[in-house]
Amino acid sequence: MTDRGISLNLATTRQVWGFAEAVDGCLRAGITAISPWRDQIAAIGLDEAARIVRENKLQVTGVCRGGMFPAASAEGRQANIDDNLRAIDEAAALNADCLVLVVGGLPEGSRDIGGARRMVADGIAAMLPHAKASGVKIAIEPLHPMYAADRACVNTIDQALDICEDLGETVGVAIDVYHVWWDPNLANAIARAGRMKRIFAHHICDWLVPTKDMLLDRGMMGDGVIDLPGIRKMIEDAGFFGPQEVEIFSQDNWWKRPGDEVLAIIKDRVATKC
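When we follow the numbering used here, the leftmost residue of the sequence shown carries the number 188, and every step to the right adds one.
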């Protein structure tokens, strides 16, 4: 039985499976959508990854990740843009629904978060002609404010949509519940994204209490405090019905379990908790 409502972000099984093994596991579980990371693509080779996707008729809901635009020098900013151009080529080769951007934080030595956000907008604008020519949509992923300094200076859906408004319809958002569930304006922001037709991806996991590591202690759906069904309804009311992409970084729990076990639990939780 195929489950077209789930996409596996390959970070979820990265400690036990490479790209090919993860695809085999997904197919055993009836999951036909994936979202790989660029290091996983590189490890197997882009041509081989594209062959696996094509021959198994997989949907690639996203490629993770582009972004990381801010830098202290013009040369550094250009190097980051060049890397994003390569990421576009990889997303195009896999016929991905979008290239997900984790946009980057403050340049070394900087306290100017506004300036960092301008670098992000400028960086996306610089990569956009190549993205359009390649048929690749760009999805800005707002990250929780705890990452504002080092990973992402764009922290709410509204901030991301402000950038989208300036850059056009091929730039949208990836809504990851882990990063946005806390936002008091979440319902309005998702509705705004729907009106703009800019929801390109929907990532799910859960927020554990307590969270022992702010990067590597995400929870399985249903084990934390996020209102997953409520957010899913907001996103569907906004017009997005794509697969829910399960993305769990969990160094002390889920990364230690057999991949087939993890996928079985994912399927159960998506059916009962999301």
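Be aware that a few hints might be false.
[Stated by the list, open to error] Calculated lysine to aspartate or glutamate pairs in the DMTMM-like style (CA-CA distance at most 20 Å, straight line): (1) Lys454 x Asp400; (2) Lys324 x Asp400; (3) Lys384 x Glu423; (4) Lys384 x Glu356; (5) Lys384 x Asp410; (6) Lys319 x Glu352; (7) Lys443 x Asp400; (8) Lys399 x Asp410; (9) Lys443 x Asp410; (10) Lys244 x Glu277; (11) Lys443 x Asp414; (12) Lys384 x Asp439; (13) Lys324 x Asp269; (14) Lys420 x Asp455; (15) Lys319 x Glu242; (16) Lys319 x Asp400.
Treat the hints as calculated values from the structure; they're not laboratory data.
Only a predicted model underlies this, so the values are computations on that prediction, with no experimental measurement involved.
Given hint Glu356 paired with Lys384 - CA-CA distance at most 20 Å: OK: Lys384 and Glu356 at ~8 Å, within 20 Å.
20 Å Cα cutoff - pair Lys420, Asp455: Distance of about 19 Å is within 20 Å: holds.
20 Å limit on alpha-carbon distance, applied to hinted pair Lys319 and Glu352: holds, 16 Å
Restraint status (C-alpha distance of Lys384 to Glu423 at most 20 Å): OK: Lys384 and Glu423 at ~12 Å, within 20 Å.
Given hint Asp269 paired with Lys324 - CA-CA distance at most 20 Å: Since the Cα atoms of Lys324 and Asp269 sit roughly 17 Å apart, the hinted pair holds (cutoff 20 Å).
Hinted pair Lys384 and Asp410, Cα distance within 20 Å: It is violated: about 31 Å lies between the C-alpha atoms, which goes past 20 Å.
Satisfaction of hint between Asp410 and Lys399, Cα-Cα up to 20 Å: holds, 14 Å
Lys443 paired with Asp400 [C-alpha distance capped at 20 Å]: holds, 16 Å
Straight-line alpha-carbon gap Lys319 to Asp400, limit 20 Å: With a Cα-Cα distance of about 37 Å, the restraint between Lys319 and Asp400 is violated, given a limit of 20 Å.
Hinted pair Lys454 and Asp400, Cα distance within 20 Å: Answer violated: Lys454 to Asp400 is near 25 Å, above 20 Å.
Restraint check for Lys443 with Asp410, where alpha carbons must lie at most 20 Å apart: holds, 17 Å
20 Å limit on alpha-carbon distance, applied to hinted pair Lys319 and Glu242: Distance of about 26 Å is beyond 20 Å: violated.
The structure is inconsistent with the numbered hints 1, 2, 5, 11, 12, 15 and 16, although it conforms to all the rest.
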